[in-house]
Amino acid sequence: MKIAFTTSGNTLDAPMDGRFGRAAGFVIYDTDNDTFEAVDNRQSVNTAQGAGIQATEAIVRHGANCLVTGHCGPNAFRALSAAGVRIYTTSAATVAEALEAFSAGALATMKSADVEGHWS
Amino acid sequence: MIIAVASGKGGTGKTTVSVNLARTIGSGVQLLDCDVEEPNAHLFLPGREKGSDIVTIPIPLVDESLCDACGECGRFCRYHAIVSFGSSPLVFPELCHGCGGCALVCPRGAIREQGKRIGVVETREADGITLVQGRIDIGVAMAPPLVRAVKETLNKDTTAILDAPPGTSCPVIATLRGSDFVVLVTEPTPFGLHDLRLAVDMVRELAIPFGVVVNRMGVGDDRVHRFCREQEIPVLLELPDDRRIAEAYSRGELVVDALPEYASHFATLLWNIREFRSAGGK
Numbered sequence: 001m002k003i004a005f006t007t008s009g010n011t012l013d014a015p016m017d018g019r020f021g022r023a024a025g026f027v028i029y030d031t032d033n034d035t036f037e038a039v040d041n042r043q044s045v046n047t048a049q050g051a052g053i054q055a056t057e058a059i060v061r062h063g064a065n066c067l068v069t070g071h072c073g074p075n076a077f078r079a080l081s082a083a084g085v086r087i088y089t090t091s092a093a094t095v096a097e098a099l100e101a102f103s104a105g106a107l108a109t110m111k112s113a114d115v116e117g118h119w120s
Numbered sequence: 001m002i003i004a005v006a007s008g009k010g011g012t013g014k015t016t017v018s019v020n021l022a023r024t025i026g027s028g029v030q031l032l033d034c035d036v037e038e039p040n041a042h043l044f045l046p047g048r049e050k051g052s053d054i055v056t057i058p059i060p061l062v063d064e065s066l067c068d069a070c071g072e073c074g075r076f077c078r079y080h081a082i083v084s085f086g087s088s089p090l091v092f093p094e095l096c097h098g099c100g101g102c103a104l105v106c107p108r109g110a111i112r113e114q115g116k117r118i119g120v121v122e123t124r125e126a127d128g129i130t131l132v133q134g135r136i137d138i139g140v141a142m143a144p145p146l147v148r149a150v151k152e153t154l155n156k157d158t159t160a161i162l163d164a165p166p167g168t169s170c171p172v173i174a175t176l177r178g179s180d181f182v183v184l185v186t187e188p189t190p191f192g193l194h195d196l197r198l199a200v201d202m203v204r205e206l207a208i209p210f211g212v213v214v215n216r217m218g219v220g221d222d223r224v225h226r227f228c229r230e231q232e233i234p235v236l237l238e239l240p241d242d243r244r245i246a247e248a249y250s251r252g253e254l255v256v257d258a259l260p261e262y263a264s265h266f267a268t269l270l271w272n273i274r275e276f277r278s279a280g281g282k
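As given, the protein sequences belong to chains A and B, one line each in that order.
First residue of the first sequence? That's 1 in our numbering, and the numbers climb one at a time after it.
First residue of the second sequence? That's 1 in our numbering, and the numbers climb one at a time after it.
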């Protein structure tokens, strides 16, 4: 299973980024062999609109089936749901802390968007 | 001739200049209120309503029985308004710019278009002035298609005045494109100058001749004039900071009707526009 974490860095020690669509990047952790890769999200950060949709495409392309982030808007939620990505929210400070909470089963799944869309 | 009235800053007097210029030109002129998020020229020219047309943009409708989830539509759409994750695509109508590209690239012909309402175009007649205004629906973010719908009513055989929205973004560009001359309205303050600079950069980018109207002369300072002198930008008209103009405005009256001594100001403005337009502007 691969879990995408939203982050402003590219290591497990890096701080979590509370945003999804316009997060600086993702750390995608593979629980099967305890390895991870950093994925740049600059393309979505700079897009005029539809950042959450494009970010969903990016993490799906890298095989993620779970997302751990701070918040998620309505378009991203629709896209993630259609792509079969389970969404978990956390206020953990770093990727490592978020991973620990995820592994302990302490994170709640998101059932609907928790912030407004940003396009308007 | 198509004259667009624009400004970087809001509240400088675009509508005041537009409606008074329309009255000065008189019968046969077209006045197009392209500020579709807050059209207000009709408050000065009530007239009678002649008609109203609904404006739509085409958004994709996917026939799931034909779609094989190849994802071509999503790869084509730069606005992320349609996306596929190995299944029939999702459509995000509020992100769609209505270009029709997804339907063109779909190899299975599974996408057709349906109209999504974005607003209305209303036409009024007031003392020989034809006023056309766009009114965008609440919550719609896509103003340029409605601005273009307003401009489709342009009659090339007569003079038209386009009252632009404030700023320098897409709805303003959609208004200015194709016009023969741009009047930039500003006020002699640091705020007026700051936003005038942005507007000047925009109009130069569009390569349209332009000049400046300085409204509320007497407040602020002389830095707008200094800027225009340095940049060799013609000042077409100065309107004084006259309380009676503000009072007429607050009653929804035209300046040239309420204060006939200002008729010559707007006649001069029109003369200057024609003069600087034929000179190619700056």
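Please note that a few of the clues may not be correct.
Listed next, the in silico SDA-like pairs over lysine to any residue satisfying Cα-Cα at most 20 Å (straight line) [as the list claims (entries may be wrong)]:
#1 A/K2 to B/G86
#2 B/K116 to B/F85
#3 A/K2 to A/A58
#4 A/K2 to B/F85
#5 B/K156 to B/G11
#6 B/K116 to B/S87
Covered stretches of chain A (in silico footprint by chain B; criterion: 3 or more residues with CB under 8 Å from a CB of chain B, positions within the stretch not fixed) [unchecked claim]:
#7 14-25
#8 38-50
#9 77-85
Just so you know, the hints here were simulated from the structure itself, not pulled from any lab data.
Every residue gets a Cβ at the ideal spot worked out from N, C-alpha and C, and that includes glycine.
Hint check results:
no. : hint            : verdict
1   : A/K2 to B/G86   : holds (18 Å)
2   : B/K116 to B/F85 : violated (25 Å)
3   : A/K2 to A/A58   : holds (13 Å)
4   : A/K2 to B/F85   : holds (17 Å)
5   : B/K156 to B/G11 : violated (29 Å)
6   : B/K116 to B/S87 : violated (24 Å)
7   : 14-25           : violated (count 0)
8   : 38-50           : holds (count 4)
9   : 77-85           : holds (count 5)
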